[in-house]
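So the sequences go chain by chain: D and H. For the first sequence, this note's numbering gives the first residue as 2, with consecutive numbering after it. For the second sequence, this note's numbering gives the first residue as 3, with consecutive numbering after it.
Since the hints were derived computationally from the structure, they do not count as laboratory data. Small disclaimer: the values here were computed from a predicted structure and weren't measured. C-beta: ideal position from N, C-alpha, C; glycine also. Worth double-checking, as some hints may not be accurate.
[Unchecked claim] Using C-beta positions, here's what the derived DEER-type ranges look like: (1) H:P126 / D:P154: 56 to 62 angstroms; (2) D:P149 / H:H310: 23 to 29 angstroms; (3) D:Q108 / H:S248: 58 to 64 angstroms; (4) D:M2 / H:T309: 41 to 47 angstroms; (5) H:V196 / D:S148: 31 to 37 angstroms; (6) D:P149 / H:W277: 48 to 54 angstroms; (7) D:V12 / H:A439: 46 to 52 angstroms; (8) H:A324 / D:L103: 27 to 33 angstroms; (9) H:G36 / D:Y136: 17 to 23 angstroms; (10) D:M2 / H:W320: 55 to 61 angstroms.
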Amino acid sequence: MLRWLDRLEEVLIATLIALATAIIFVAVIHRYSLSGIAGILNWARANDMPWLFDAARQAFNAVRSIKLTWAQELTIYMFIWMAKFGAAYGVRTGIHVGVDVLVNALQPKQRNFFVMFGLLAGALFTVIVGTLGAYFVWELYHTDQVSPDLEWPMWIVYLAMPLGSYLMCFRFLQVAYSFSRTGELPQHDHGHVEGLEEQA
Amino acid sequence: MTAFVIFTLLTALMLTGMPVSIALGLTVLTFLFGFTTVPLESVALKLFTGIEKFEIMAIPFFILAGNFLTHGGVARRMIDFATSMVGHWHGGIALAAVVACALFAAVSGSSPATVAAIGSIILPAMVRQGFPKGFGAGIISTSGALGILIPPSIVMVMYAVATSGATYTGPNGEIVTSASVGDLFMAGVIPGLVLAAMLGSTTMFIAWRKGYPRLDPAGWSERWRAFSRSFWGLALIVVVIGGIYSGAFTPTEAAAMSAVYAFVIAVFVYKDLGWRDVPKVLLQSANMSAMLLYIITNAVLFSFLMTHEGIPQAIAAWMSDAGLGRIGFLMAVNILLLVAGMFMEPSAIMLIFAPILFPVAVALGVDPVHFGIMLVVNMECGMVTPPVGLNLYVTSGIAKMGLTEVTISALPWFYTMLAFLMLVTYWPELSLYLPRALGMM
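Next comes chain D alone, as it looks inside the complex:
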């Protein structure tokens, strides 16, 4: 069950970042292919090549009929979902760092106390934010607000806030639990680079 949740979280955020990139890429290509085809259109007219003109006009109309005005909005929503769930994933990978010089200089017993305090503070904050978010979504649910371009109900879009935050709270508690059992914290290695192994 837990492994299934871990996997879902990973697949979700990796897919969202990939799709968002692809959408913006396609939107840019789309914009430039329109002006590119318009260029061919003018050139064909100037050089009196009716077959090319017709082909270009058809292509132009075909490309123009694809509307991508929603691309920017969708990308933003995808990133919000990625950010909320990615933040929860980040707790599991230990990427959320703080100022730990002072704490690390303490005796192990006091250090453990502060680490635990930090983790529980994280859980407290995320549960408060999650509840605020849930309340907010609940209010929105009773309105018929929709997003400007996609016309999706806003409460679904904003659902990322309570869901992501509660998941993050769960992750903090999970890390706190394993810390109390094993005394180990997840560590993120900022200096990790692929493709260096064969050198050493």
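Start from chain D and add chain H according to the hints.
Relative to the frame of chain D, chain H by itself:
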């Protein structure tokens, strides 16, 4: 009084070692529940709208682009190119290390990754050629920081985001808006090259005094070969700068294009990555981006609180009462940020301090773009100052040297960086020349 309470609370929470984002968020919540009457709903909204801007999306895209090219293969190509160009000068392979760091850092966008990638390849080679290990460690740890000044730079996007959204009044009552990402990127080019040259000169000078080995000059055909192999990686910078400057892309679109470009180069041209590695790169990038976006969300809340309590205005008024002019203010900012840089990560410093200091800087007539570049240089210095200097940690790991030893080895280059910081602080033209000459501002 309010400011004092807010900052004491924030500092106390941060010192317990909890994540910076959580410390920021809890400070805001405590304050809201206990001290003011700002309705909670507006806070809930802020938590969401904090990252609801298209400009911020440039950050995950740039991280993705950098991660595709953060690979040992790319590092090796950059090193070969740098060595073939400058290896025969004084400093030899050490000078090439400075250049390679600058190139790789610009493309990968991550200082610690640059230190790890360039360092673990070039340090053993330097030791084999008879350089002392400390010399190499000093170069790598400092030159690795060059990346955030050379576009594309994530810290610059953060500065633009952190200061945007409000208008401020300058000394003569004129309206000043925040710096755009494009202006900042362009403004970073000349300072980036100057800093690389200064770090290189320090390297050459020490190598010349100590008589360290040089390499035989490479032939032009070899140089051409090394260049053409590193070209595809370096072209990423051209895609970004050229795209933004020509107006072809917005910064966020440029970031997305560079991510797709980096993917194509890494998988199909360089073949460093296989299809199987792509999900891992995506996941790592999402992880890093989400962490930064989470700090941004909470920092937006924090600066909302700051503005609501009128703290930037209070600082500005206090500054002018104390008779601290522009020169004194900039010096105070440098000292404050250097101290903060000893304990915190660059992105967190930028997001907490930029919104507070920016209105003051504007009120004193400092150009927003120049101020941004100055803050970025401060962040660079922060990466090589103990006790929390990520570059020092990574260097100490790959060089198998103690943290103190690495810090001392890095001193000549760190002093060079401080001299450069003074230059950037008091010579605005250095930053502003290029964007002005290109007619961007």
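* Could you tell me which of the hints above the structure violates, numbers in ascending order? => 5, 6
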